[in-house]
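Engineer: Since the structure of chain A is already known, use the hints to place chain B on it.
Number of protein chains: 2
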Amino acid sequence: MANLSVLSVILRQRRQKLAELIDFPAVLWSGGSNSRNFPANTFPFRANSHFLYFAGIPLQNAAIRLQGGNLQLFIDDPKPSSALWHGETPSREEIAAKIGADDARPMAELNDFIENVATVPVQDAATWTQQSQLLDRWILPKNQLEGIDLDLAKAIISLRIIHDEMALAELRKAAVVSVEAHQAGMAATRKAKLEAEVRAAMEAVIMGQNMTTAYTSIVTVHGEILHNGHYYHSLQPGDLLLADVGAETESGWAADITRTWPVSGKFSPTQRDIYDLVLAAHDACIENIFPGVEYGDIHLIAAMVIAEGLVDLGILRGKPEDLVKMDLHALFFPHGIGHLLGLDVHDMEDLGDLAGYEEGRKRSDRFGLSYLRLNRSLKPGMLVTIEPGFYQVPAILNNPKTRDQYQYLVNWERLEQFADVRGIRIENDVLVTESGSEVLTAALPTQAEEIENLV
Amino acid sequence: MANLSVLSVILRQRRQKLAELIDFPAVLWSGGSNSRNFPANTFPFRANSHFLYFAGIPLQNAAIRLQGGNLQLFIDDPKPSSALWHGETPSREEIAAKIGADDARPMAELNDFIENVATVPVQDAATWTQQSQLLDRWILPKNQLEGIDLDLAKAIISLRIIHDEMALAELRKAAVVSVEAHQAGMAATRKAKLEAEVRAAMEAVIMGQNMTTAYTSIVTVHGEILHNGHYYHSLQPGDLLLADVGAETESGWAADITRTWPVSGKFSPTQRDIYDLVLAAHDACIENIFPGVEYGDIHLIAAMVIAEGLVDLGILRGKPEDLVKMDLHALFFPHGIGHLLGLDVHDMEDLGDLAGYEEGRKRSDRFGLSYLRLNRSLKPGMLVTIEPGFYQVPAILNNPKTRDQYQYLVNWERLEQFADVRGIRIENDVLVTESGSEVLTAALPTQAEEIENLV
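Chains as they are written, first to last, in full-length UniProt numbering: chain A, 1 to 455; chain B, 1 to 455.
Just chain A, same shape as in the assembly (with noise of 0.2 Å):
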């Protein structure tokens, strides 16, 4: 047992959890890469999330198959010929001792395994069109799973779910980076024209330790789209920039942290008002983090904050708790608080809502709560994201219905004096431990005048 590597004694323990819940077999595909026009110029290859659980390294074009605690690879061996182009790689054999398989097969013998096997579908067209044809089944990424397959689905996710030593050594690795990105990125703005530069100073901290950002990166004095993946706003020095930027560990955990700081290195007045509430609401919602704990109860804390907050500075009328079950708090923080963490940025959501939504929930209606990602009793292991925000959207804030219905509740004029403050968001990474929680990305400040110090 001495050479038994970390890899494989983790990765034994994560499948004999798994043949604990599930009585069938599982195979699971990583998935290959995709083209960018013509076949030989890719994208970057990203494995399957599932696949990286229990395989630990990004294998491309690879199966496994696990029962009772066993693991089957199957992956053909390089070409002879690959060595001209790509260098000596590793053999099938090496593979499977490097992950402690307990058998190693080429590709097409898994077709001798198939029976009654369960599965999840990779993203990638051939592949899943490989999983379905194999299966003799659908196997399609937007089709809801059934039977075996979404048994295994909630399998997995019981296990993803709750962080081992193994995930959270890749996790603290992720945001370790990251930190280090957004610090390249504040030291760079004043130097800086473009957001892009921004951007590029963040991504190539990242690119220079061989991780790869984990989403795309938004790096934009426009913080108000939420989803702003576009560079080509000049930075003048009223602006703030909102840079929600994370790295991605070489076997696939994230990280996801975002902050929000002056071009000038000076916040003004207003900006200075409205990014010390979101703060407010950032540490409000850590604070309240302990197992137990229902996260749509934390998301609650942040509207509350938000909605005193806006209510203290003349831009909402009326109570607190109100406004809240009003959803004037939703009129500037459009999203939800966060999500989970861990393989995928947006955890498991290629699995829908089955990580996200504790069995027999569902999303709500109300415009304030539609957005929540993450509905579930907090436990420890759990890794979630704490990222409250104010932005001024103008389609909703500019929508007539909108002016029309909130006329009295809220102070448009006194909400002018804010033309300043388009976006701003505080996100951190936050590991729900047994005695309440552990800010993975702390190292990176939050408050006002260190953020400033750093730009």
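Any given hint could be a false lead.
For identical chains, the list gives no copy identity; a pair is met inside one copy or between any two copies.
Stated by the list, open to error - BS3-like mimics (lysine-lysine), calculated; alpha carbons at most 30 Å apart, straight line: (1) K191 / K173; (2) K98 / K362; (3) K79 / K325; (4) K154 / K79; (5) K193 / K98; (6) K142 / K79; (7) K362 / K191; (8) K79 / K362; (9) K401 / K266; (10) K191 / K379; (11) K142 / K154; (12) K79 / K401; (13) K173 / K154; (14) K79 / K98; (15) K173 / K379; (16) K79 / K193.
Quick caveat, the hints were computed from the structure, so don't treat them as lab data. Since we're looking at a predicted model, the values are computed, not measured.
Structural biologist: Showing chain B alone in chain A's frame:
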């Protein structure tokens, strides 16, 4: 006519030229984005290059129908709810005006305009499935084109292979930024500990100007692995670093540059000998580029210069002409001298060898020639890469068969003295002009001393 944009005028010229070549309608699809494990987390979108050539901008999930010089645009308007997440995006009518479309309709109406249309397949499976269903025949990227689809492909090739003014303007932009990226890579090398850090410094220059890389960067001290897409090696003072990195403009036009530089800032005498030899091959190729010259002959010039040089250095024994005929040069230069460059880094390689090989020509069976991607008579307006190299590929040189077969023609003992030269390549982008050629990437030095000064 005063407010017609340059873009719309050039696009009209392109489709009028197409109309002179085909008498049937064509529909070109742009393609969609691929998911990175869950639907909302996508890889960057890359529009199909044929679509881009005639539509000018990278629209997602769109199609254009070309007939008799007219352009019909098919694209859906953004959903109202997308303003929250993605901000205000241009409407169908605004896009149609920008690209000078004669007509614009929702995607669903494409169904009414597909009689007898030709097309070429897009790489992503969702799109080629849609193409196949709508046209009621298989449009598969891996299939050989037939009938009017083949005629369309040939017509497009005859246009895209000779670059017009707007194409050249874009290609020059990509070249400028790629040159800057290489300069940044050289400047970052001395302080860098890992290949990844140099790669990050180079790609940050590209990203900082809102461009992307045109292909997976190669930045490695193991240049003998021709398509090395990893960046894990540490940099040692005696190493050569080979960087093959090129930018792509927003509308998809590519550059493709390779330089090889000493990590220490100073080539060793053996590295310098081989570097100068590769440079001599590079220079000889470019000096011989004129309209009417066969690109295959340019390849043979490189082979001859390399064979001569290796004889002079005592690595090969025999007459250079005989050595080239026996493919001895290909032991060290096992790839073609270059390829077409345009909207794709291997331009139009999605059409197999249709673009690279003149009608009636086929790939050679000879080891030294089979990798040649381009086999045409050169014409003004063609853009090609010139990229000779020298590599000590273990899979080739340590093969007992090679050792046995060439025990006399290769001086293996002498070769051992060049152990610190694992891989060198020098690559520039060369435009064929009426009077000879113009190197679009000439701003980046090739001379050894100049390279040393930049490190």
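Engineer: Hint by hint, say whether it matches the structure.
Structural biologist: Now for the hints, and whether the structure bears them out:
no.: 1; hint: K191 / K173; in the structure: both (29 Å within a copy, 23 Å between copies)
no.: 2; hint: K98 / K362; in the structure: neither (41 Å within a copy, 44 Å between copies)
no.: 3; hint: K79 / K325; in the structure: between (63 Å within a copy, 28 Å between copies)
no.: 4; hint: K154 / K79; in the structure: neither (37 Å within a copy, 33 Å between copies)
no.: 5; hint: K193 / K98; in the structure: between (47 Å within a copy, 27 Å between copies)
no.: 6; hint: K142 / K79; in the structure: between (34 Å within a copy, 20 Å between copies)
no.: 7; hint: K362 / K191; in the structure: neither (47 Å within a copy, 53 Å between copies)
no.: 8; hint: K79 / K362; in the structure: between (49 Å within a copy, 24 Å between copies)
no.: 9; hint: K401 / K266; in the structure: neither (36 Å within a copy, 69 Å between copies)
no.: 10; hint: K191 / K379; in the structure: neither (44 Å within a copy, 45 Å between copies)
no.: 11; hint: K142 / K154; in the structure: within (17 Å within a copy, 37 Å between copies)
no.: 12; hint: K79 / K401; in the structure: between (63 Å within a copy, 18 Å between copies)
no.: 13; hint: K173 / K154; in the structure: within (28 Å within a copy, 51 Å between copies)
no.: 14; hint: K79 / K98; in the structure: within (20 Å within a copy, 48 Å between copies)
no.: 15; hint: K173 / K379; in the structure: within (22 Å within a copy, 53 Å between copies)
no.: 16; hint: K79 / K193; in the structure: neither (48 Å within a copy, 32 Å between copies)
Violation of the numbered hints given earlier is confined to hints 2, 4, 7, 9, 10, 16; the remaining hints are satisfied by the structure.
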